Amino acid sequence: MAELSVFGYRHGRSPAHRLDVRCKLIILLVLTAAVVAAPPVAMGPISLGIILLWASLRLPLRRLGREIRLFLVFLMAVFIVRALSTPGVSVVDWHGLSVSREGLYQGAVVAWRLMMVLALGLVFVTTTRPSHLKAAVQWLLRPVPFVHAPKAATMVGLIVRFIPVLHQQVRETRSALAARGGGRQRLRLGQIRYLVFPTMRRVVLAADQLALAMLARGYQETRTEPDLHATAADGLALAAAAAVLAATLMI
Amino acid sequence: MIRLANVHFSYADGNIGLQDVSFGIPAGELVVVAGANGSGKTTLLKHLNGLLLPQRGRVEVDGICTRDDLPGIRQRVGMVFQHADAQIVGETVAEDVAFGPENLCLPRPEIERRVTEALEAVSLVHKKHQRPHLLSGGEKRRLTIAGILAMQPAVVVFDEPFSSLDLFGVRQVLRQILALKASGRTVLVTTHDIDKIIAHTDRVVLMQEGRLVGEGPPSQWLPVVERYGVRQPEASRLGVAVRSWLN
Chain A
2 MAELSVFGYR
12 HGRSPAHRLD
22 VRCKLIILLV
32 LTAAVVAAPP
42 VAMGPISLGI
52 ILLWASLRLP
62 LRRLGREIRL
72 FLVFLMAVFI
82 VRALSTPGVS
92 VVDWHGLSVS
102 REGLYQGAVV
112 AWRLMMVLAL
122 GLVFVTTTRP
132 SHLKAAVQWL
142 LRPVPFVHAP
152 KAATMVGLIV
162 RFIPVLHQQV
172 RETRSALAAR
182 GGGRQRLRLG
192 QIRYLVFPTM
202 RRVVLAADQL
212 ALAMLARGYQ
222 ETRTEPDLHA
232 TAADGLALAA
242 AAAVLAATLM
252 I
Chain B
52 MIRLANVHFS
62 YADGNIGLQD
72 VSFGIPAGEL
82 VVVAGANGSG
92 KTTLLKHLNG
102 LLLPQRGRVE
112 VDGICTRDDL
122 PGIRQRVGMV
132 FQHADAQIVG
142 ETVAEDVAFG
152 PENLCLPRPE
162 IERRVTEALE
172 AVSLVHKKHQ
182 RPHLLSGGEK
192 RRLTIAGILA
202 MQPAVVVFDE
212 PFSSLDLFGV
222 RQVLRQILAL
232 KASGRTVLVT
242 THDIDKIIAH
252 TDRVVLMQEG
262 RLVGEGPPSQ
272 WLPVVERYGV
282 RQPEASRLGV
292 AVRSWLN
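Protein sequence lines, in the order shown, are assigned to chains A and B. In terms of my numbering, the first sequence opens at residue 2 and continues consecutively. In terms of my numbering, the second sequence opens at residue 52 and continues consecutively.
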């Protein structure tokens with residue numbers, strides 16, 4: 002249990018930790034829009050900013066790499082598909098498959114954008130208590146008609162709470178498989194079902210137990226919510242994020 | 052005061068959880084609910100906390116029926132689950148302990164006071180900002196106890212509190228259970244390993260296949276507990292042997 006997923010809140014005193022969660026949520030949306038809309042030339046400064054943000058959290062980067070390796074496989078797949086499917090000047094031809102120069106460029110840009118969006122999401126999850134996130138979602142949804150804000154916010158909070166649980170269940174199932182497979186850590190494609198079905202069963206059981214435990218402690222939708230306070234620093238951070246988005250749209 | 056009257060419960064798959072169970076527990080007692088696996092111990096505890104409602108009969112805590120006031124019952128009866136990991140809902144130790152008081156809609160300063168008190172009681176105050184999943188097995192069990200203490204219940208029920216704990220973990224949890232009893236709370240503990248707690252027990256409740264098969268002081272039931280899938284404590288076994296030798 003000592004090694005734990007980074008996909009969960011970590012107590013800290015970084016600037017990102019201190020921001021009001023409502024502002025943080027809006028900043029996340031604004032910066033994600035900036036990353037998606039930014040021309041390639043603007044990706045460098047934006048990436049530098051996100052890397053500095055990461056550095057301020059002082060998270061172990063090696064562990065981060067290990068935790069997000071499945072996402073890296075996904076990004077690699079995106080890169081390969083782009084490289085193969087984008088028409089342009091051919092760089093490699095192999096058995097009818099052609100990799101174009103434009104495809105390599107496009108693939109790299111798309112994969113890098115996704116990587117930055119993932120990094121932003123991780124900064125948010127790592128610096129935000131699920132209870133605060135729940136309160137922020139509730140606050141944001143309050144004016145929306147026909148949406149039961151407390152219920153929707155509870156669902157969001159539980160999903161965030163469950164990301165590390167899911168991760169842990171996958172790791173435990175893999176360890177159990179490795180223990181019975183002569184210590185082999187890697188699974189062949191055909192063996193994925195041995196990972197997926199037991200993991201899903203364990204996750205459902207864990208969800209059931211968690212719901213029981215919450216009920217046993219008197220869970221109800223009307224409860225004391227965290228005090229949310231926006232300060233001048235939040236306004237500045239929001240303005241900075243808006244400026245980044247405006248700048249990327251103007252380039 | 053806890054009172055069960057003709058309680059019957061069966062699960063959706065047809066398995067009978069409890070059959071016509073009736074007994075009462077005076078306030079302030081430490082009670083061990085013993086029985087083999089599947090004897091209905093956990094089902095019984097879930098009835099006390101209102102997680103399960105009887106299909107027939109009544110469960111009352113301090114005169115309140117579990118059917119009538121679930122929030123009130125859950126405030127009065129705290130339940131510590133067998134698997135601590137399944138009970139932890141917070142992303143930090145302090146946040147987890149605050150979960151119960153937040154459900155009681157208490158003001159924030161009162162919640163913070165209760166969290167600090169509860170963590171001090173289980174000696175975890177220095178780990179309040181730590182992620183709960185990084186705690187040891189004994190610490191996690193103590194955290195779940197703190198989560199219950201912060202709700203200030205009159206009754207605390209423990210489902211197999213000693214399972215998967217090493218000697219130090221058992222001692223720490225036992226110390227907490229005895230402290231709860233000393234504070235005047237009623238404590239129920241389910242276990243099939245009664246050796247660890249029997250010396251401090253006021254009453255034993257024996258379960259078998261969902262039925263109550265015995266209830267009373269430990270001295271009355273210890274000599275026969277092995278009939279019901281519960282290991283007889285060594286001291287009791289020795290006492291019986293010495294008595295028969297003297298006779």
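There may be inaccurate statements among the hints.
To be verified - Covered stretches of chain A (chain B as the covering partner; in silico rule of three or more C-beta atoms under 8 Å from a C-beta of chain B): (1) 37–46; (2) 124–133; (3) 204–218.
Stated by the list, open to error - Here are some, though not all, of the chain B residues that point toward chain A, as calculated from beta-carbon distances under 10 Å: (4) Asp113; (5) Gly114; (6) Ile115; (7) Cys116; (8) Arg118; (9) Leu121; (10) Phe132; (11) Phe150; (12) Gly151; (13) Ser174; (14) His177; (15) His180; (16) Ala230; (17) Ser234; (18) Val264; (19) Pro268.
Hints were generated in silico from the structure; no laboratory data involved. Since we're looking at a predicted model, the values are computed, not measured. By construction, the Cβ of each residue, glycine as well, lies at the ideal position given by its N, Cα and C atoms.
B/Pro268 as chain A interface residue, shortest Cβ-Cβ below 10 Å: violated, 30 Å
Interface hint for B/Arg118, Cβ within 10 Å of any Cβ on chain A: violated, 15 Å
Interface hint for B/His180, Cβ within 10 Å of any Cβ on chain A: holds, 4 Å
Chain A contact restraint for B/Ser174 - C-beta distance below 10 Å: violated, 19 Å
Cut-off 10 Å, beta-carbon criterion: hint that B/Cys116 touches chain A: violated, 17 Å
Cut-off 10 Å, beta-carbon criterion: hint that B/Gly114 touches chain A: violated, 19 Å
When the least beta-carbon distance from B/Asp113 to chain A is tested against 10 Å, hint result: violated, 16 Å
Status of the hint placing B/Phe150 at chain A (closest C-beta pair under 10 Å): This hint holds: B/Phe150 lies near chain A, its Cβ roughly 6 Å from the closest one there, short of 10 Å.
Given hint B/Ile115 near chain A, where the shortest CB pair must fall under 10 Å: violated, 14 Å
Interface restraint verdict for B/Phe132 against chain A (beta-carbon cut-off 10 Å): With a minimum Cβ separation of about 6 Å from chain A (threshold 10 Å), the hint on B/Phe132 holds.
Given coverage of the stretch 204–218 of chain A by chain B, tested with a Cβ cutoff of 8 Å and a minimum of 3 residues: As far as the stretch 204–218 of chain A goes, the hint holds, because 9 residues have Cβ atoms under 8 Å from chain B.
Interface hint outcome for B/Ala230 [beta carbon to chain A under 10 Å]: Cβ of B/Ala230 sits 20 Å from chain A, so the hint is violated.
In terms of the numbered hints stated before, the structure departs from hints 1, 4, 5, 6, 7, 8, 13, 14, 16, 17, 18 and 19, listed from lowest to highest.
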